[in-house]
Amino acid sequence: MVTKPLTKNIDMSRPPLDIAGYEANEGYQSLNAIAKGLSPEDVLQLVKDSGLKGRGGAGFPTGLKWSFVPSGDNSPKQKYLVVNADEMEPGTFKDRLLMEGDPHLLLEGMLIAAYTIQASKAYIFLRGEYTVSEQALKKAIKEAYKKGYLGKNILGTDFDLDIIMHTSAGRYICGEETALLNALEGKRANPRAKPPFPQVSGLWGKPTIVNNVETICNLPGILTYGVDWYHGLAKGNDHGTKLFGVSGKVKTPGCWELPLGLPIRELIENYAGGMQDGLELRGFLPGGGSTDFMLPGHLDITLDYDEIAKAGSRLATGTMIILDDKTCPVGMVGNLMKFYAHESCGFCTPCRDGLPWVDQIFRDFENGLGSEKDLQILHDHVTYLGPGRTFCALAPGATAPLGSGLKYFKEDFEKHITEKRCSYKH
Amino acid sequence: MSQQVIASTATKARKLSAEEIAEIEHEMTLYPDKKAVGLEALKIVQKNQGWVSDESLFGIAEYLDIPVADLEGVATFFNLVYREPVGKNVILFCDSVSCWIMGCESIKGHIKQQLDIDYGQTSEDGDFTLIPVPCLGDCDRAPVMMVGPDMHRNLTPEKIDSIISDYKNKQD
Amino acid sequence: MAKIVIDGVEYEVNPDNNLLQECLSQGLDLPYFCWHPSMGSVGACRQCAVTQYRDEDDKEGMLVMACMTPATDGAIISLEDKQAKSFRSDVIESLMISHPHDCPVCEEGGECHLQDMTQMSGHNYRRYDKKKRTHRNQYLGPFINHEMNRCITCYRCVRYYDDYAGGTDLSAQASHHHVYFGRHEEGVLESEFSGNLVEVCPTGVFTDKAFSGQYSRKWDLQTAPSVCVGCSVGCNTAPGERYGTLRRIVNRYNSEVNGYFLCDRGRFGFDYVNSRKRLLEPVKRVDNTGELLADDEIKAVIKEFSREGTIGIGSPRASNESNFALKTMVGDENFFAGYSDSEHESMAAILTLASDKTFHSPSVREIEEADAVLILGEDVTNVAPRIALALRQSVRNKAMDLASESRIPQWQDAAVRELAQHERSPLSILSPAVSRLDDIAADRVIESLPALVAMGHQIANKISGSAPAATSAEHDAAAEKIAAQLKGAKRPLIVAGSSNGSDLVKAAANIARALHEDGEKAAIDLCLLVPEVNSIGMGLMAAEENSLGVALDKLSSSAAKRVIVLENDLYRRASKSQVDSALDKAEKVLVLDQVTTTTTAKADVVLPVTAFSEHEATYINYEGRAQLSFQVHQCQKMAQPAWRWISDAAHIDDVIERCCSEAPGFAKLRDVLPGGNPFIAGMKVPRQSHRYSGRTAMIANVNVHEPKQMEDKESIMSFSMEGISAQKDPSIMASPWAPKWTSNQSISKFQDEVNGELKQGHVGSLLFEKTDSGAYFDVPAATVQPSGKQLHLALSYQIFGSDELSARAEPIRERMTDAYVGICPEDAERRGLAQGDVATITPTGAPVVVCIRTGVKPGTALLYCGDANISPAEFTGFLEIEKSAARATSRGIANLIVSDFQEEEI
Ligand SMILES: Cc1cc2nc3c(=O)[nH]c(=O)nc-3n(C[C@H](O)[C@H](O)[C@H](O)COP(=O)(O)O)c2cc1C
Ligand code: SF4
Ligand code: FES
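Residue numbers (the numbering used here), protein chains in the order written: chain A, 1 to 426; chain B, 1 to 172; chain C, 1 to 906.
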């Protein structure tokens, strides 16, 4: 039985499988079912039943998202599928692995998604810096066209699909799905207001689905091996496997495909090899830079969307950033704030003008210039930039490590003020 | 219908090369709207010219018949569109959180010292431009950076020295 | 209607609107920046946050942006809730982080939306103590200053300039807190509507450059409701005066006419009023020099001109009162029209159509409602600019329909634009050259004028077979398509005008008549443009047979001995030889005008006339709307309204009253007057604000005693700060000002609802009675074809230059070109002409600059006459152009902004 559907073909010591190799390992099997008459509605139902949740960060049920796309004769003819391959979340390194390691898996997943929503055009919105992924995907796309998996009348059905690679020109906000659409349209990548949601009016005003690379890569398995198999993969309440990564000062940082529902401790201690010698675990961001800190006391919580939410954080991208006891938490949060301030698109006030202030305060802390007043301002910004207040989720993302950092590492902030320096620096 | 592209720009526009035009025309087939091709054209021109000069900006606006002000708005929005000349090799130096934890500050200090440049600057010999970049998605092998299209991982000062000399040698 | 609860009080609201709009409509104070009443919502600034509750049991509530939330039935919100208030104060705090706090030296101060909102949002204590972000400014031309450090990044400027007004040279640049609003490089802002940036920007980034040079605070400006005299649209304005000079013009809201926006001619074209070249004293000519006239001499002159044998020539740029006074003085049969004979012919047709039930002359607001438009031969942007801006909105009706189908609220500005992409309601332009509206045109045909006439008739005939068919016409497919579009529309609109003769007007009328006949539609919108502020008023006044040509003939043939010329330079209206011979032959010439002209130079007596801001007057706009314009300030010297020189009426109301009863068509003119009683609660309405400063010291250099304030015996307004503020009666309100709202955004306090009429609405008075129902015009006989070197002539208007008075304003002069002919590259080559050459034009031999434009119909020459003395009336039908050895003057055509200017290769 396949237990690692996402990475079963991946071996980074060699180039990714070509189309023949991929097919030989049960690749593109899902297309046969479609050719044999599996309808878009059938696929939608399967995906709904699978319980797949988006792996881009928000964890929204994929089938439900797809079901908002208008169908039928009165719906707009042109619909689009867009793959979000912009991976720029600090500390997140999972989509790169999938694209560099097994590009055909993504293409197969895209075929399934496009077929379900009846999109004849799909864009891969790829981070510009991912040059290796670009080459791998380009090659795979060429092969798929040649094989008749892309283009007109795929496998003799009346389904057409073109896949177009778009390489981005760099900006974290492009990962936000509506900003991404603006970027694809060649505009400044400010996010759009929701509603209307992209499913109804997206790319060039047409119904559009945006999904994360990893989300899409889950689809071939679901179709090939079935929903029951998929449910059986996970340990907890969620379904399927997920890529989990650990970075920071652990012994063996890396990225692994593991069942959802695994205890965090197992990931950090078994897979990442535990902390480097002489270091203690101080805390960690469980799913990239936009998640709240968790503490060593949280290690027995399982890697489940809901479980982690209960602990006050988010599973999000599933890639952890480890804070050790010799690294300054104030500096770590400050580094993130600098990132968010710089990557704000500049559209809405709190984010555009609030984050640079926060950033500046952290710089002052770093240089021993922090004050109680500034600390209060940081606290104020946690509320001010929180969910529902800004135009998109970038700024609320920034408040996650900020708010939890202020809470969990209070004494470090205060020490910076009283000692007028960062005591982690020698 | 034609847009009313600003009259004064035509005289300052650089004529795009046949190669650039061919690539732009290809992009036209991939997007239903020429505004989308504006950003693509900026990237194409940058690939060929190293950066996007005012003349190139006007040239693209002219060729696509889109307002140059809009195109400038897009060009200045994105991190990877260079509106100033850059060196032969652009170093995209990751200074996001995982790399920071893994000590990228001191690596940056080393580069700064070796090439005598800070962020946004180009070395005197025109070989390198140093630009910070958000998380490069290789955090398990931090600290990392890119030089041109290539990733360099698990950086140490020694590695930096050899990378710099490799690129210098490559050019000679 | 829906019911919503705001802070415990129930309100009836329109569920199609958003909460911000509804809060403002209810008179509540809710701060905002990025929202603008005419531009919808984008949710950028986050200033309008309110707390919304799920239901009555929900005590927590959650923050929503009022501008982005529909006012759905049953909604429960709070403006006063603590979290909403504290968030709003956080927002303003961040907006002010890098703001320079330079209010004392900022032109926006005192009428600054940012100041208002800062106070309203409760940010009084500054916590930010880091470095401010700073920007560089750009040179943006003669109209607009740029001070980017004051920017609060509300995105209104680009949303207005690009999305609303169709400009292409202003954009948002860079990102995060470095976002910058400017051009791609320094240079003149090209949009004809750039001046509105001054009012759209909620702070002092874009300010009025002409005003900066002679700046005064809003409260120190003496202001009264006025009407723009720049063209026939009659936009409502609020000019401001201080120390005897007119300082600036800003928009005055009128829901039917200009709404929130003016064009740049109207805003920047006034400073001739302050010019030293103004006529300010009565003079008689003695041996070619002027000599002051004494009072009794003036009386004698008037007496002499009251005698038999005097004819009067009226003026399309003078008020109804002055034209009427002249007509009364010389007698109906001796009152002649003051525009060219060609225009006269067009006007005759236009006035006939005005009383035809088949047609409706749409207001500017109604133009925005059109869902299919045909422009036949008129260059709307240059002739009636504000209407071009309205047409830009009309093509968005398609987008609005699509939005409704997709259940996206129409105020969701970005979403509606995204959904609609390039879908627009059809606008077709048929003209001799490309125009500034081409970017929104679905179809455009470039043809010679005779061919356009033929095509117009062809379209009419395709709509209804009973319209006469054009004899020969190309473009059958285009005509077919346009006919179908107009037929299929709910509210089609035909736009034409008098710029190039009556044939186009008639063809346009036939199209509208055909549409009327075709369906069960109510009267068809037919918008017929005329060039000047009172073309219609004067046209109504003059008998149809009394054209200028006839008047000049009478003088040349000595059938008339004397002539009174009212506010008119006849050399712009008829050929030089015609005017010369008439004026030379006349025994005596009396000219009343504001400025010196070639005609005043020929006068025996010149009487100085007040400018628009110095007198109360009424004008009739293109649609037949009479509007009242109040006096703003006194003329410092001896100029008087023309009617005062030539009639013995004591009071303007008397003139208006007589005009109503005696002049056919003017019966409803009295409706524009603000009621019978010139007092509100026994007091007048002050022209000066209650904070007007320096009154006691203003003339201390002349006299240390504070003079008695001048009395205004004529109007409801006073030249002082005493009285009852006009704010209670929006119909006589110059600039809105309400508690907590000092900026123009306070207008919402005076509208019955956002974008609605002013409370106690005062929108002028429509004069035309619809009584007749006429017949189709015949198709004109085929015209003679040009021979040899001849080109078809098309007269071309320029927003900056074609209007005689604004062309004397300094900022406008900086944007003007010399007289030019626009021809296509082939026609230029055939004549050996290069871009910018000087050529002479036959028949007059006058020099013009050659402007080679790729979008001009081959075989056609556009002629723009400039402000020098090339009279358009010299030319009819055809033009010959020949290269001349002369060189262009410094101005040349460098300032011309057209999309088809042929650049020379470098
Ligand atoms: C600021 C910001 C950045 C984001 N970046 C990414 C990204 O790089 N990749 C991604 O897949 N999703 C990203 N997201 C989430 C997307 O908006 C979106 O939820 C996701 O692509 C949907 O795909 P899924 O349903 O498959 O998870 C980002 C969201 C925000 C607010
Ligand atoms: S929170 Fe606002 S400014 Fe920040 S990225 Fe989102 S839309 Fe842009
Ligand atoms: S006015 Fe509502 S967000 Fe700006």
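Please keep in mind that the hints were generated in silico from the structure rather than gathered at the bench.
Please read all numbers here as calculations on a predicted model, not as lab measurements.
Heads up, some of the hints might be wrong.
In silico DSBU-like pairs for lysine-lysine, Cα to Cα no more than 30 Å straight-line [to be verified]: (1) C:K59 - B:K35; (2) C:K576 - A:K310; (3) A:K187 - C:K82; (4) B:K112 - C:K131; (5) B:K112 - B:K159; (6) A:K142 - B:K112; (7) C:K481 - B:K112; (8) A:K146 - B:K88; (9) A:K194 - A:K139; (10) C:K713 - B:K34; (11) A:K425 - B:K159; (12) B:K112 - A:K187; (13) C:K82 - A:K310.
Hints, one by one, checked against the model:
no. : hint            : verdict
1   : C:K59 - B:K35   : 47 Å, violated
2   : C:K576 - A:K310 : 90 Å, violated
3   : A:K187 - C:K82  : 38 Å, violated
4   : B:K112 - C:K131 : 26 Å, holds
5   : B:K112 - B:K159 : 14 Å, holds
6   : A:K142 - B:K112 : 42 Å, violated
7   : C:K481 - B:K112 : 67 Å, violated
8   : A:K146 - B:K88  : 37 Å, violated
9   : A:K194 - A:K139 : 36 Å, violated
10  : C:K713 - B:K34  : 63 Å, violated
11  : A:K425 - B:K159 : 24 Å, holds
12  : B:K112 - A:K187 : 35 Å, violated
13  : C:K82 - A:K310  : 28 Å, holds
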